[in-house]
Amino acid sequence: MSGSVGSASAITLGAAIIAGGQGTRLGGVTKSLLVVDGVAIVDRQLALLAPWAHELVLAVSALAPWADDRAARVGARVVIDAAGARGPLAGIAAALAAARADWMLVVGGDMPWLSAPVLALVREAVDAAGADVDAVVPRVGGFPEPLLAAYRARAAAGAAAAAGAGLGPSAWLRRELTVAWIEEAAVRAIDPELRALRGVNTAADLTGS
Numbered sequence: 382m383s384g385s386v387g388s389a390s391a392i393t394l395g396a397a398i399i400a401g402g403q404g405t406r407l408g409g410v411t412k413s414l415l416v417v418d419g420v421a422i423v424d425r426q427l428a429l430l431a432p433w434a435h436e437l438v439l440a441v442s443a444l445a446p447w448a449d450d451r452a453a454r455v456g457a458r459v460v461i462d463a464a465g466a467r468g469p470l471a472g473i474a475a476a477l478a479a480a481r482a483d484w485m486l487v488v489g490g491d492m493p494w495l496s497a498p499v500l501a502l503v504r505e506a507v508d509a510a511g512a513d514v515d516a517v518v519p520r521v522g523g524f525p526e527p528l529l530a531a532y533r534a535r536a537a538a539g540a541a542a543a544a545g546a547g548l549g550p551s552a553w554l555r556r557e558l559t560v561a562w563i564e565e566a567a568v569r570a571i572d573p574e575l576r577a578l579r580g581v582n583t584a585a586d587l588t589g590s
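So in this note's numbering, spot 118 of the sequence shown is number 499, and the numbers just go up one at a time.
No lab work stands behind these hints: they were computed from the structure. Glycine residues also receive a C-beta, built at the ideal position from the N, C-alpha and C atoms. Just so you know, nobody snuck in bad clues.
Here are the in silico distance ranges between beta carbons for each label pair:
{"no.": "1", "residue 1": "Arg-520", "residue 2": "Val-410", "range": "27 to 35 Å"}
{"no.": "2", "residue 1": "Ala-512", "residue 2": "Arg-467", "range": "28 to 36 Å"}
{"no.": "3", "residue 1": "Val-417", "residue 2": "Val-455", "range": "16 to 24 Å"}
{"no.": "4", "residue 1": "Arg-454", "residue 2": "Asp-418", "range": "17 to 25 Å"}
{"no.": "5", "residue 1": "Asp-450", "residue 2": "Arg-569", "range": "32 to 40 Å"}
{"no.": "6", "residue 1": "Val-416", "residue 2": "Ala-391", "range": "37 to 45 Å"}
{"no.": "7", "residue 1": "Gly-456", "residue 2": "Arg-535", "range": "23 to 31 Å"}
{"no.": "8", "residue 1": "Asp-449", "residue 2": "Arg-555", "range": "28 to 36 Å"}
{"no.": "9", "residue 1": "Arg-467", "residue 2": "Gly-419", "range": "25 to 33 Å"}
{"no.": "10", "residue 1": "Ala-566", "residue 2": "Arg-467", "range": "33 to 41 Å"}
{"no.": "11", "residue 1": "Gly-545", "residue 2": "Phe-524", "range": "21 to 29 Å"}
{"no.": "12", "residue 1": "Arg-481", "residue 2": "Asp-449", "range": "15 to 23 Å"}
{"no.": "13", "residue 1": "Val-420", "residue 2": "Asp-449", "range": "18 to 26 Å"}
{"no.": "14", "residue 1": "Asp-508", "residue 2": "Arg-481", "range": "12 to 20 Å"}
Go ahead and model the full structure; you've got the sequences and the hints to work with.
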């Protein structure tokens, strides 16, 4: 794993898939295992992320044989959300705590349409971030997209505390982090329909239309 998307930066950037989400409107299935165009979402994500990430982490809410099997195929590690914490911020906290890289790119486990150009955009923002910046986060319609964003590993303790207090990732980053925003226009320039930011919550979402 090389740690770059078209970048020669010395900054190391790992990747974490936050894969603990259950589809309550999809019969309670693990959303990462939903099949889109014949391939499970998690397998699509691993294939995209593994070639360049300095390290690769699967964050799950409980022990999951499917996660262990897939992680072994690509040399990734599986981490479990902290006890007593729930929701995507618990997964982010676990991934950051396990990080060996300087930064971790975090993606939601229900996002089938990630693309290399959008990942490269985030990478460029990481490379440009000042020492005081804790996160680089896309912002669409004025709202953050915390599950397609990069966080410094040093934010791990704050993420764990916020998750334990019941905060979601958007509230955490707005209250506690110094954020370099990736504005909507920059994302739309390479992904006009913002498909990379879409998650799957209903059966209709599986088509991406």
